[in-house]
Amino acid sequence: DAKTTQPNSMESNEEEPVHLPCNHSTISGTDYIHWYRQLPSQGPEYVIHGLTSNVNNRMASLAIAEDRKSSTLILHRATLRDAAVYYCILIGGGADGLTFGKGTHLIIQP
Amino acid sequence: EADIYQTPRYLVIGTGKKITLECSQTMGHDKMYWYQQDPGMELHLIHYSYGVNSTEKGDLSSESTVSRIRTEHFPLTLESARPSHTSQYLCASGGQGVPYGYTFGSGTRLTVV
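Going line by line, the protein sequences match chains A and B.
FYI, in my numbering the residues of the first sequence are 216 to 325.
FYI, in my numbering the residues of the second sequence are 1097 to 1209.
So that you can see chain A by itself, here it is in the shape it has in the complex:
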């Protein structure tokens, strides 16, 4: 599976936008970019996914670079409840399950 690189941690203020970057320079043409997050003491939850075009849902937006070698998860207005570890994961057509890295620990300051 192609690898992803994320910053270990990021800090933001409540009610401000947050941009979480992910590099995936070895992404293949069939790899989907998925984002999950894990709140304290809980299992991971799906946030958003995309292939080539930018995506929006009720939780977040996903901006994918034109060459697909990087992507950014955007939380438009962070709340304290968004404090979690965010994982950027590539899922290819032949792969199964999710391969988790260390993710980005997002800290939200009130």
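What the hints contain is simulated information worked out from the structure, not anything from laboratory work.
In this text the structure is predicted, and so the values were computed from the model without any measurement.
Fair warning: there could be bad hints in the mix.
As the list claims (entries may be wrong) - Keeping only pairs whose Cα atoms sit at most 16 angstroms apart, straight-line, the calculated EDC-like set for lysine to aspartate or glutamate is: (1) A/K218 to B/E1138; (2) B/K1127 to B/E1168; (3) A/K284 to A/D246; (4) B/K1114 to B/E1159; (5) A/K218 to A/D246; (6) B/K1127 to B/E1152; (7) A/K317 to B/E1138; (8) B/K1127 to B/D1099; (9) A/K317 to B/D1134.
Go by the hints and put chain B onto chain A.
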């Protein structure tokens, strides 16, 4: 409300005991997974299943075993628990096709004393 259920949520048990961690899902997913996660660390895949009577070992070697007799049920068993088995165990299921999201349970936090 959760579509995937794990019980118990917390378990403290003595060394040498046999334990079974339960995982059930109501989404009709064929694919199910078990992950192990130590505090503050990454999740590691230890078992997965493509459907009834299918079980495979994951990337991380584990002394646990799994079974898949029914689509909705994917229990994990430790025949003889040891302190090294102390960890969080997370169950997940996935729908058809790559783009579909995976749903995780809340996990079982196991402590072997």
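Tested hints:
Among the hinted pairs, A/K218 with B/E1138 is consistent with the structure: their alpha-carbon atoms are about 14 angstroms apart, no more than 16 angstroms. Note on B/K1127 and B/E1168: the hinted pairing holds, with a Cα-Cα distance of about 10 angstroms set against a maximum of 16 angstroms. At most 16 angstroms may separate the alpha-carbon atoms for a hinted pair to count; A/K284 and A/D246 meet this at roughly 11 angstroms. This hinted pair checks out: B/K1114 and B/E1159 have alpha carbons roughly 12 angstroms apart, not beyond 16 angstroms.
A threshold of 16 angstroms between alpha carbons decides the hint, and for A/K218 with A/D246 the separation of about 11 angstroms falls inside it, so the pair holds. A C-alpha spacing of about 11 angstroms is found between B/K1127 and B/E1152, which places the hinted pair at or below 16 angstroms, so the restraint holds. Straight-line distance between C-alpha atoms of A/K317 and B/E1138 comes to about 6 angstroms, which keeps the hinted pair within the 16 angstroms bound. Between B/K1127 and B/D1099 the CA atoms are separated by roughly 14 angstroms; this keeps the pair inside 16 angstroms, and the hint holds.
Distance check on the hinted pair: A/K317 and B/D1134 sit about 12 angstroms apart at the alpha-carbon level, within 16 angstroms; holds.
Violated hints for the displayed structure: none, as all numbered hints are satisfied.
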